[in-house]
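Enquirer: For reference, the chains in residue letters:
Protein chains: 2
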Amino acid sequence: MTADTKDRIMEAARLTVQDLGYGGLSFRELAKDVGIKSASIHYYFATKGELGAALANRYTAHYGAVLEDMLTQGLDVETCMARYTEVFADTLRADNRLCLAGMLGAERNQLPEEVQAEVVEYGIMNERWLARVLAMRNPDRHEENERQARAIYAAVQGAQLIAHTRNDVSVYEEIIATYRANHLIP
Amino acid sequence: MTADTKDRIMEAARLTVQDLGYGGLSFRELAKDVGIKSASIHYYFATKGELGAALANRYTAHYGAVLEDMLTQGLDVETCMARYTEVFADTLRADNRLCLAGMLGAERNQLPEEVQAEVVEYGIMNERWLARVLAMRNPDRHEENERQARAIYAAVQGAQLIAHTRNDVSVYEEIIATYRANHLIP
DNA sequence: CAACGGCTATCTGTCGTCAGGTAGATAAAA
DNA sequence: TTTTATCTACCTGACGACAGATAGCCGTTG
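Protein sequences, first through last, are from chains A and B.
Heads up: the first sequence is residues 1 to 186, going by the numbering used here.
Heads up: the second sequence is residues 1 to 186, going by the numbering used here.
It is possible that some hints are incorrect.
Treat identical chains as interchangeable: a pair holds within one or across any two.
Mimicking DSBU-like on lysine-lysine, the simulated pairs with C-alpha atoms at most 35 Å apart in a straight line are [claimed, not checked]:
hint: 1; residue 1: Lys6; residue 2: Lys37
hint: 2; residue 1: Lys6; residue 2: Lys32
hint: 3; residue 1: Lys48; residue 2: Lys32
hint: 4; residue 1: Lys37; residue 2: Lys48
In case anyone wonders, no lab produced these hints; they're calculated from the structure.
Given the sequences, and given the hints that come with them, work out the whole structure.
Expert: Next up, the structure:
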C-alpha cells in the first residue's frame with residue numbers, strides 16, 4: 001500500500017528529527033530504517049524540504065487532535081494542564097527526544113521556508129489550545145489568557161530543552177513542578 | 001600573532017553556531033569567514049569536537065565573568081534579573097541568534113561528548129548565579145532558590161527558543177514580561 | 001496496456017581530516 | 001658571523017565518506 005510506506009517513512013523521519021534534528025536526517029539512513037532504497041523516498045517526497053514540511057504539518061495535526069479531544073471530554077483546567085505537560089515528558093522518555101517543533105525551532109535559520117512556516121503553526125496551535133484551557137478559569141480575560149498561554153508554551157519548551165540537554169527527565173519534572181508552585185501553570 | 005587568529009576563528013565559529021548550529025558549522029565556511037584555509041584551522045583545533053568544546057568553554061567563562069561582575073557591583077535583585085534577561089534579548093537582536101548553549105543543547109544527541117559536557121556546564125553556571133541573586137531576597141531558603149533558579153533558566157531559554165523560531169524579538173520581550181507578572185522572575 | 005512502487009546506478013557537491021610542503025622568524029652552534 | 005636546526009603559522013592537494021537529487025529500468029497490479 002502507498003499510504004503504508006509513506007507513513008513508515010514519515011514515522012521514521014519524525015523519530016530521527018526529534019533525536020538528531022533536521023540536519024541529522026539523511027535519506028540514506030532513513031531508507032535503511034524503513035527498509036527501502038534512498039531513491040525511493042523521492043517517489044513520495046520530491047525534496048527534503050517537502051518531507052520536513054509534511055512532517056511538521058502532520059505533527060501539528062496529530063497533537064491538535066489529541067488536545068482537542070481533551071476539551072471534548074470536558075476535563076478541568078488542572079487535568080488538561082497535567083496531561084499537556086505529560087506529553088512533553090513522554091517525548092523525553094522516548095530516548096531523550098525533543099518535541100519536533102522545539103528541535104526544528106532551534107534549527108530555524110537553516111530550514112527551508114516551507115518547513116519554517118509549519119513549525120510556527122505548531123506553536124500557534126499550542127498557544128490557542130492553552131488559551132482556551134485558561135479561558136475555563138477566566139472567560140472574560142482574553143488577552144491575558146493569550147499572553148499566559150504563550151508564556152506557558154515557551155516555559156514548557158524551555159524545560160524540555162534543558163532536560164534534553166542533560167539527558168534527564170527528572171529535570172523536566174522538577175522544573176514543571178516549580179512552574180506550578182509559581183502558578184505559571186494552573 | 002597566534003592568539004589573534006585563534007581568537008578570530010573562535011569568534012567566527014561562535015557566531016555561526018549561534019546562527020546555524022554545530023551541524024551548520026563547516027571548516028571551509030569558517031575558514032572563508034576568517035580569511036585562511038580550512039586546513040589551517042586544524043593547526044589550532046585538531047578536531048571539530050575540540051573546537052566546539054573550546055567554544056562552549058569560552059562562552060561559559062565569558063558570561064560567567066559578566067554575571068559575576070554584576071554581583072560585585074552590588075546591584076539589587078530586580079536590576080540583576082533585568083540585565084540577565086536583556087543578554088538573551090541582545091543575542092536575538094544580533095541576527096536572530098540563539099544562546100550558544102541553547103543551540104548546542106538542542107543538538108545534544110549528535111554532539112561529541114566533550115562538547116556535551118561543556119554545554120551542561122554553562123547551564124549549571126547560570127543556575128548557580130541565579131540562585132545567588134535569589135538569595136539576596138531569601139537567604140535562608142537555599143533549596144527553594146535552586147529550584148527557582150533552574151525554572152527561571154529553563155523559562156528564559158524557552159522564551160528565546162520560541163522568539164528565535166518566529167524570528168521576532170518582541171515575542172521574547174512579551175514572554176519575559178509575562179514571567180515577571182507571574183512572579184516567576186523577580 | 002498503463003500506472004504504481006519501487007529499484008540500480010550515477011551525478012555533483014560538501015564534509016572532516018590529514019600528509020606533506022613552505023616562507024619566515026628565532027636560536028643555537030661553528 | 002655565518003651556518004644549521006628548529007619552530008610558527010600557515011598553505012596545497014587530496015582522501016574517503018556521505019549528502020540530496022535524478023534518469024531510467026522493471027516487475028507487479030489493475
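Enquirer: Run every hint past the structure and note whether it holds.
Expert: Okay, the hints, checked on the actual structure:
1. In this homomeric assembly, Lys6 and Lys37 come within 35 Å of each other (Cα to Cα) only inside a single copy, at 13 Å, whereas the closest approach across copies is 43 Å.
2. For a Cα distance limit of 35 Å, the shortest separation of Lys6 from Lys32 inside one copy, 14 Å, qualifies, whereas the shortest one across copies, 40 Å, does not.
3. For the homomeric pair Lys48 and Lys32, the shortest alpha-carbon distances inside one copy (16 Å) and between copies (27 Å) are both at most 35 Å.
4. In this assembly of identical chains, Lys37 and Lys48 lie within 35 Å of each other by CA distance both inside one copy and across copies; the values are 15 Å within and 31 Å between.
Going down the numbered hints, you'll see the structure goes against none, and every one checks out.
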